[in-house]
Each structure stands twice: as structure tokens, then as C-alpha cells.
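Novice: This is what each chain is made of:
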Amino acid sequence: MLSQRLFVKSVLLVSMLPGAVWAQAGTASLSLSVNGTTEAVVYRGWPLQVEARALLDEGETAEVQWPSAVHLTIRNSTNGAAVVWPLQMIANADELVVVSGDRSPGTLWILGADATAVLGPGEYTIQADHPAAGRSRLLMISVGDEPAELSREQLSLKARLRARYEELTGTREAALQILNDRLVDVPDDIGVLGQKADLLGDMEQYAEALSSAQLAVRAFADQFKDVTHPPFGLLRRVRMLQGKLDAF
Amino acid sequence: MFAKSGLALVALLASVSPLWSQRASEFLAVKGWQGNLKLKGDYAGKITAGASTDTYSFSWSADLQFRLDEFVAGGQYWHGKFTGGRAAVRHKNVNANGDCTLTTTLEGEGLPTNTDFFLYIGPGENYRLALVGATINGHIVATSLCGGSSSTQVNDRPETWFTGDITRNLPFALPASGFDLNGAGKYAMGTPLVLFTQLLGGGTLPPLLADVNWTFQPLEIDPLELTVEPASYDTFRPMGSLGGGVGNSLDVTATLQTKSGKPASQGAAKFVFELLETSREPGIAMNWPRDASDQDYDFRIAAGAGLLLDDPVKRQKAETLPKFPLPTSASVKIDAFDWGAWSRLKVTAVLADGTSIHGYLKGDPDQTEVRLPKRAADSFIADSWKKDKGVSGADSSDEENDPNGDSNGGDGLTLYEEYRGFYESQAHMDGNPKKKDYFAINLAGSEGDGGLALFKRLSGLAVHSKLLQTELSSERVINKNVSAAPHRVDQHGVILKVRAFEGFAQAVGRGPSTPGNIEYVGVPVAIGSRATLSAAVSYQSATIAHELFHTVNVWHHGEIDQQVTWQLGPDGTVLEGGDSIQVYNEPDVNMTARLSAYLRTLDNPAIDVTLGKPQGQHSGVENCVMRYDNATAYPRDGEAGGRFHVAENPGAALCDSAEGTGVNASSRSPQSRYGDAAVGRGYCKQQILVNDAISAPVR
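Protein chains in written order, with my numbering: chain A, 1 to 248; chain B, 1 to 699.
Bound conformation, chain A alone (with noise of 0.2 Å):
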């Protein structure tokens, strides 16, 4: 279904592989981040993501055992208890992977929503360590319930969420069916047409993919007049559209 190979196992705690040579020349560090951020709030009921990735932090390369060496600890923050998240990883097969400054390896843990509403409400910390890349920063989490009313941002999120949590698990169609829902109530979400561009784009639909980046850049100058550099990352996204159709 998806055009990589993905291996999803249900896992919380990832045993360290013994006896293995971890990195040489460069050190790689380790990001860690919960739905796109550091510092979280995690409704219940939504879909949740833990994203893991190592970064070239010295030297030209580093070798690091990925994933499989990478090892994700929950805290209970109140009592320090370390807890169990019925947590999907979604990773790559293992292997011994060269980190340099375009080559950062990463996986991912979700968690659906029907699991995420059963959490108990509460501060958790998220950490990951790595035998070569070493320990991230710490996450603060927040579980609580969806406020009564969401504001724009939050909406976008939950809508962005739902959609990558069905690309993962179920279909592409689905998680576009979420992602032009959240359209019609807000046409110029930038965040949702720029992530509907990439989906379009996995799907080879090539035309409407770019037809959803140029909205994106439109709504972005319409949203931000006074910005000082240009969305990069947008006309980026366009030009390599637009070099898959080979427009002009």
C-alpha cells in the first residue's frame, strides 16, 4: 500500500542491541518531538505522534544502529513512574545507518485515537535515548480532554493529525477525505493544503498536488504581508511540482 516498507509493531520499551559499534568520526544527536512539538498538550481522542529522529550533531558522518537502538521511556510526572502507551512504532528495517547533514534517520510511534482517549488525563515525560546519539531533550506532555471550543490552530492539527494517522494505518483516500473536510470549513489552512500538496504528491497526482501548493503559497501572502523572507519551504514544494509536471 505504501511505497516504502514499514514495519509496525506494537512496542513501548525497545531493547538496546548489545555488542555493537555505535557511531565512528562524527556524533549524532537525538530529536524527539510529540505531534510536531516539544512541548505538548495531547487531547484525548485524538491521534497521537512521537516522532524520533537522530541528527548529525559533529563531524562529517556518523553510524548509528536505527531503529531498533532507540529507546522511549513515559514518565508519570507526579511520581516518576515509568508507564506503558500502547504505542505503534513504524520504522524502517535495521540497519546500520550513516547520519550526515542530509541523511537524518527517523521513526515514528502512534497511538489512534479510541487508544489515546483512554489515557489517564495527567503530566507525562517523554524521553528517548540512543547508545550513540544519546539521550533528547525531555518532553512535557499534557493529557487532558479537547477543550469545549478549538480555535483555528487546534482544529487544523486535530484535522492534520487524523489525516497522517489514516496514511499510516489506512488509506490514502481517507486521510484526503479528512484533509478536504477540514477545506471546506477553512480554504486557506496552510498547514492542511500544504500537507494535502505532499499526500496529492505520494499519489502521483501530480496536477492536483500543485494546483494545493499554490494555494498554500497564495493564502500564505494573504496571511502574512509584513513577514520579512519568503515561505521557502512552500516554493520549494512548488517548483518540484511543478518539475514533475514539467510546466514551466
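Some clues are possibly wrong.
[Said to hold, decoys possible] Reference listing, derived: stretches of chain A covered by chain B, where coverage requires no fewer than 3 residues with Cβ under 8 Å from a Cβ of chain B:
| id | region |
| --- | --- |
| 1 | 47-55 |
| 2 | 111-117 |
[Stated by the list, open to error] Among the chain A residues that face chain B by a calculated CB cut under 10 Å, a handful are:
| id | residue |
| --- | --- |
| 3 | Ala25 |
| 4 | Thr38 |
| 5 | Glu58 |
| 6 | His71 |
| 7 | Ile74 |
| 8 | Thr78 |
| 9 | Asn79 |
| 10 | Leu138 |
| 11 | Asp185 |
| 12 | Pro187 |
| 13 | Ile190 |
| 14 | Gly194 |
| 15 | Ala221 |
| 16 | Phe224 |
| 17 | Lys225 |
| 18 | Thr228 |
[Unchecked claim] In silico lysine to aspartate or glutamate, DMTMM-like type, Cα no more than 25 Å apart, as pairs:
| id | chain 1 | residue 1 | chain 2 | residue 2 |
| --- | --- | --- | --- | --- |
| 19 | A | Lys225 | B | Asp656 |
| 20 | B | Lys497 | B | Glu519 |
| 21 | B | Lys497 | A | Glu146 |
In case anyone wonders, no lab produced these hints; they're calculated from the structure.
Because the structure is a prediction, the values reported are computed rather than measured.
Ideal placement from N, C-alpha and C gives every residue a C-beta, glycine not left out.
Fit chain B to the known structure of chain A by using the hints.
Specialist: Chain B in isolation, oriented as in the chain A frame:
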């Protein structure tokens, strides 16, 4: 309850009369004595009782040198031997009774080697003398002449040559000053027993007094001193703990001893430990807890058995409770609550007579107030840390030059602040005293981390990017927890915030400038789409790194690029600002017709174009992250209205030149796209300025 009973004991002890005076304590510091003892007594007389007449003569003399070099601490006395001189006794008695005459003589002379000489101190401000075995060998000759017959008896026996009075009774006052002990007086001598028994006629002898005088001179004075020895003093540096409790502790022992290092002759009624001018910096590190305002003491004496604290909260002074026998040493534990704590420890031993002996750091007699931690007198920084880091500057120094950047030294943090350190992801870390430190909170997930990692590699700064929001003050000041410590400037951290836009990052504030002028760097929400081994974040990393460089006053390569629109004109022409243009692909392929055809396919036959200009944002070194990469066209040399249509590659390095390279090289064909960087721009490595104390230059 404990404190109350302890106080009562102290009061009780204070009310007891001292066993020794202050002078007595001073005399107990004398290692030994030497001196001279003289005695002279001569008596002659006659006693008649009935028919018997005794004619006698007694003579005692001594002129002796002594040395008392053995001290007995428990008895507070010295003893020794006579080392020179002579003592002599010469007695004679002639008893005449009718025609009988009995003549008895006793003679002895020599050094009384068997005599032990004692000098006691006390009670009170007095001393006493004692001699044990004060005899010399006497030779007795008794000749009897009676009625023409005579007989002689010879005998040897010990004979006392010294007065017993001094030994038995007499305390002598210690001098008010100095240590020489001189005395003289007349003291009763014992009746020469052997001769007395020969006084056949009876009768009473007059008191036999001898003139005695003595001189004692101290061999060497070895007074008591108090040494203070902190355990692991050379390596100790104070620590705090995240929750505000004790970070670590320093055990300190104070010991009474003589100056020559021998065990003390007496113990102390109490030891007093006092922390002086202890630091009270807010929080326990420069940024933890956030916005701290407490004035708690950073070093405190730990409560312990046998110790009375004067204030159980401040814990700056404590004394030992009475203990018998009086101890010659005492220990306390000093708790550290702050990574930058400093203080001075004063220790005093109070002797039973009230004498106070102030301690000094063992090995450094000049340091009577022991600096905590071990540090220079003009510094609050532990020597061990400076040694570990290989630095020696003043606490207030802020002179790192790595990276050199715009040649302004420092990172806004004083050496002391680098030493006291910071909390990052709830773990303590030191600043880097040899590199310029940069602090950031990344709320933007992997995108932000990717940008920070690239920024770190390219800038050479010591980037600390795992701060939590609770680890940066509300004003973004990373070194806000300061009171009396050396502080140069409020140095700021940078916050990467998620903002509701996609494909874009921006440093918001009055930048480019130093971190203090950057409100935040806005970064879009990035939701990971899939597990990947590719450069999923590298482009966004470059754009975020670009923005991060604005937070250290690195500017674009130029500012004059234009946003234009290419739209379909009449007769298939393409217009830019109303003027017809010709569009080419490099090196020289006219694309105008193709563009025109493309525009005709659009509902709105126009496209937005970024027109890069010479010395504009795209100029200079091609591979620099500060160079823009979004231009889609640039002017063709020699043809008004000529445009090359291009795509640019993002940079992945930081330039140290203004000269155009790659697509901007002057030798490039068909032409240099954007040329050298604008005047005053480029040389991005040489623009880096992280120090908020420096007014960031506008370029």
C-alpha cells in the same frame, strides 16, 4: 527540647571555675625547660645538755643545671634531670662528754643523677616544683675517742641535699608576662638524721634554712593551634539539586594540636563553626528554578548529633555541645545547595579557661577564614573547576573567542556564570568557558532540532537547545538568577515556536541582532509523515538555521531582489511590469514562446517570479545558508528585458567571503548570476555576534 538542654549544658560549663587560667594554657604550650637551681645553707652551733656538749656545723650547697624535656599532658607537668653542676653536703658534729669525744663527719658531693625534677602548672595561675630522690651519696666517718682508746666507723649512705618544703607546699605565681620562671626564698632543710642521732646530749636545733633560687627558661614554646581540614578540598565543587535539597556536602574537621604537630595537651570546651558572607544567589543555578528570587544561604551547616545550631533555618553558625573528656577535634558537614555557592568558614576552639584559638586551613596558616570552595581570594569559582576547564580569568571575564565571529569576545556570560551553570532538560550543565554559548528552547520538534543541529555545526557555537520552557526566564534571560555574583548583561535565549504556517521560518523581533532582540523564531508545525532514512528535515533545517543566524546578527548577502509578475501580453508576448521581456534558459535557449504557451493554460495567465539582482539576496558564496534560494529569474547582461529562468540550490555551509562562487562566480558562463555579496555583507562567519552586551552593528 534538644536545643534547650544543650544550652543549659553550655551555661553550666561556663559557670564552672576554670581549671586553668589563660596564662596556664599558654605555659602548657612550652615544650620543655632548662635552667638553674641553687641552694646554700650553712649552720654552726653548740648545744650543751648536762655533761654533754655538741658542736656542729651543717652545710648544704647546690649549683645545678637542669633540663625538663618530657611533658606529661594529662598531668600538666614536665620532668627531667640535672645535667650539670654539683650538689654538696658537709656536716660535722663533735660530741664531748667527759673524757669521751665522738666526732662524726658526713661529706658528699656530686651531680645528683638520680634526682627527678618536676615542674607542674596549676592550680589556677600557679606553678609548683618537686624533686624526687633529692639525695647524693654521703660518706660518713665516726671516730670515737674515749679513755685512750679509739675506734672509727665508716659508712656510706644517701643524704638529702634539698629542701622538702618546696616540693610539699608551695605554689608560685605564674608571671603576668613572659615565660621565664624565677624564684627565690628561704626554705627549711631537714635535719641531717645521721648526725642528729649523734647529738647525744639532746637539746633543740634552731630552724635550718637554706637560700634557694631558681631560674626556668623555656626550651621551646609549642603553642596550641587549630587546624581546619575540609575533606576532598582540592576537588570539591558545590552542587545543587533539582528539587532544591542538598546537592552535595563537604566534611570539615577541626583539630587542636601543637604548632609542631604534636597532639594537643588539652581539649576544647567547645568548637564554634561559623560561615561568613555565604552567597545567597537566587535559585541554584543561573536558570533554575525559573525566575528565582529566594535569598536562601547557599552553604549551610548540617544538623548533627552533638551540634547546636544558632538558627535551624539559616544554619550559619554552630557549636559543639560539651563533652568529656574535652575533645581535641570536632567535625561538621557543610551542605551545598547551589552550584555556585561560596562562603568562608571560621572555626574557633574555646578552651576550658575561656581561651579562644582560631583555626586556619591546614597547610595555609594565613587562611584563618577558610574559603569555600577552595578558590582564590578574589574569586568565587572553585579552583578545581578552573583547572578542569583550563581557565584562569577573573570571575567577571567574558572573553571567549571561539568562534571568533565579528571579533567581539564573550557570550554575555561571565566566567562565574559559566561555572555556576544551567539546567537543561532537568540536568545540570556548565557553560563552556572556552566557547561562546548559545541557548535555545525548541518547541518545534524535529524541524527545529534539525535547524539547531545545522546551526551548531556551521556556527561553531556551543548550542544548548534542550532547554525546557521552565528553564528560561519569562523574559528569556538565561542568567537571570543573579544577586551578588559577577554579571555582565542579561543574556537571552532564543525560543523556536510553532506557528501556524507551513514551509516558512522567521526570526521575529528587531533582527538581525543578538538573541536579546529576537522575540522568537517561528517554525511551522511539522508532522512526520513516515519513517525515513532520507533528508526529510534537511531543507527545513537549512531555512531554520538561516533564521537562527539572524539571531546572532548574521545578515543576508543583499537586500535588493524583486518580486515581479510575468503575465501574458498581447501577441503571445510576456510582460513584466508592463514591459515585454525575453526569457531564456541557461546558457542561451529562448523560452519565451514556451512560457507564453504555459501562461495561456492558466485561468489567470500570470506567475509570480522572484527576480534575483546583482548583490541581492542570492549573491555571494553559493553554498551559504544565508543566501536565498528562491529566485526563479535574473536579468540577462546586455539585454534590457532579458531574463534567465533558473532554479537555485539551497546552501549547506556558512561563508567566509563576499566573493561570488558557483553560479555567482565572475568567470561563470553565460554570466555570474548575482555577483559578489553586497558591500558589508557576506563573510557570514565573521558576522556572528551572540553577546547581548554588545550593540549589534547594522550591516
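Novice: Is it true that the CA of Lys497 of chain B sits at most 25 Å from the CA of Glu519 of chain B?
Specialist: OK: Lys497 of chain B and Glu519 of chain B at ~10 Å, within 25 Å.
Novice: Go check the region 111-117 of chain A versus chain B for me, would you? Three or more residues, Cβ under 8 Å, otherwise it fails.
Specialist: violated (count 0)
Novice: For the hint on Asp185 of chain A, does the least C-beta distance to chain B fall short of 10 Å?
Specialist: Hint on Asp185 of chain A: violated, closest Cβ of chain B at ~15 Å, above 10 Å.
Novice: Please verify that hint: Ala25 of chain A, Cβ, nearest Cβ of chain B, below 10 Å or not.
Specialist: At about 13 Å, which exceeds the 10 Å cut-off, the nearest Cβ of chain B leaves the hint on Ala25 of chain A violated.
Novice: Minimum Cβ distance from Ile74 of chain A to chain B below 10 Å?
Specialist: Check failed: Cβ of Ile74 of chain A comes no nearer than 15 Å to chain B, outside 10 Å.
Novice: Is the interface hint for Phe224 of chain A satisfied, with its Cβ closer than 10 Å to some Cβ of chain B?
Specialist: Holds, because the Cβ-Cβ distance from Phe224 of chain A to chain B comes to roughly 6 Å (cut-off 10 Å).
Novice: Per the CB criterion, is Thr38 of chain A less than 10 Å away from chain B?
Specialist: holds, 5 Å
Novice: Is the coverage entry for the region 47-55 of chain A by chain B consistent with the three-residue Cβ rule at 8 Å?
Specialist: holds (count 4)
Novice: Interface hint check: Ile190 of chain A, Cβ to nearest Cβ on chain B, cutoff 10 Å. Holds or violated?
Specialist: holds, 5 Å
Novice: Interface hint check: Lys225 of chain A, Cβ to nearest Cβ on chain B, cutoff 10 Å. Holds or violated?
Specialist: At 12 Å from the nearest chain B Cβ, Lys225 of chain A fails the 10 Å test, so the hint is violated.
Novice: Return the status of the interface hint for His71 of chain A: holds when the least beta-carbon distance to chain B is below 10 Å, violated otherwise.
Specialist: Violated - the Cβ of His71 of chain A stays beyond 10 Å from chain B, reaching only about 16 Å at its closest.
Novice: Are the Cα atoms of Lys497 of chain B and Glu146 of chain A separated by 25 Å or less?
Specialist: holds, 22 Å
Consistency with the previously given hints fails for numbers 2, 3, 6, 7, 8, 9, 11, 12, 17 and 19, ordered from lowest to highest.
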